[in-house]
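Novice: Each chain is listed here by its residues.
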Amino acid sequence: MKEKSFFDKYMVSLAVIICFFVVSAGVVFGTHKLLEYAALQKVVKEKERTEKIICRNSLLLLKQHVFFSENSEKAIKAAKEKEEQDKEKDKEKKGEDKKKEDNKDKDKDNE
Amino acid sequence: MSDHKFFTKKILRENPVLVMAAGVCPAVAVTESASSGLLLGCGTLLVLLLSSLPVTLMKSIIPEKAACASHIIIIAAITAVIQMIFSSWLPQVTEEVGIFIPLIAVNCIVIESVNGFARNNPVLPTLFNGLGTGTGFLLVLLLMGSIRESMGEGTLFGYPLFAGDMPLMPFAVLLPGGFFLLSLLAALNKHINRKIRQKEKNMTKNDREEGKISS
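Residue numbers (the numbering used here), protein chains in the order written: chain A, 4 to 114; chain B, 56 to 270.
In short, the hints are calculated from the structure, not lab data.
Watch out, some of these pointers could steer you wrong.
[Stated by the list, open to error] Beyond 10 Å from chain B on every Cβ pair, some chain A residues (computed):
hint, residue
1, Lys92
2, Lys97
3, Glu104
[To be verified] Residues from chain B that face chain A, not an exhaustive set, calculated with beta carbons under 10 Å:
hint, residue
4, Pro118
5, Ala122
6, Ala131
7, Asn261
Glycine included, C-beta positions come from ideal geometry on N, C-alpha and C.
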């Protein structure tokens, strides 16, 4: 009877070991990719969250800016009006003072 | 023997560390803190369970000559997966445990459980055996880690336990302290086992006597 060769003897065992090796490598590689994807998703979510926060903050800043600019316009208008009113009051006062002085002069002349 | 007895037996009566003295090296080296002990215990438990299952399911497919190599490939792959998951979720503790997580692949508890038990038994006993062995190992690591950390550093899982700055026994964190504690736990376990056996013997004696009287 012919003796079995080395390959015939261990072919099945070798095939099984190689099979297990390939499957195990696939499992490890797959897990690595999955974890990598999960980490990437986490980073993306974090980025989106920070972007949202930045957007919200900039919106708040913009609102604040609008509020301040509107208020400052109002304040400027109010200040101008006040200035005009003061000027008018000054004019009126000056006019009254002049009238008084004229009256005084007239009284002196009459005397 | 009923299946769940494989689980209970491995926790106290045949504890892998305290009775079989297997996995002593990681048990002493890693248990400087409770968190690293817990992590290594969980890792070993997961590797045991996840590698026992495919081995016991495919025992008829794997030829005798390729058994050992195939089992080691399976264990190594699962250990690599567990290590990747741990290092992505708990990077700090995984770094603390260091080389002992990849070394789970060559832990004699895992090899014995997978190569010796899972290959020759059906699915349920294998699962219970793996669960029991892993839980026994995990409990010992957790207990040792908790005792050593609380005694040696005055903290538990990083939280301070005592008001004073000085720890009770700084010696506990060192390696000799680990061996000392392990021997104490082994002695305690032996004492408990002896008590249980005595109780069981007394119970069987009483049963026999009652049987004689009734007959």
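Novice: Each hint: holds or not?
Specialist: Here is how each hint holds up against the structure:
1. Once the 10 Å rule is applied to beta carbons, lysine 92 of chain A is consistent with being away from chain B; the minimum gap is 74 Å.
2. At roughly 82 Å, the least C-beta separation between lysine 97 of chain A and chain B is larger than 10 Å, which holds for a residue marked as non-interface.
3. With a least CB separation of 90 Å from chain B, glutamate 104 of chain A remains clear of the 10 Å interface cut-off, as annotated.
4. A cut of 10 Å between beta carbons decides the hint on proline 118 of chain B: the least distance to chain A is about 5 Å, and the hint holds.
5. Restraint check, alanine 122 of chain B versus chain A: the minimum CB separation of about 9 Å is within 10 Å; hint holds.
6. With a least beta-carbon distance of about 7 Å to chain A, the hint placing alanine 131 of chain B at the interface is held under the 10 Å criterion.
7. Taking 10 Å as the C-beta contact cut-off toward chain A, the hint placing asparagine 261 of chain B at the interface is violated, the least distance being around 53 Å.
When the structure is compared with the earlier hints, a violation turns up for hint 7 alone.
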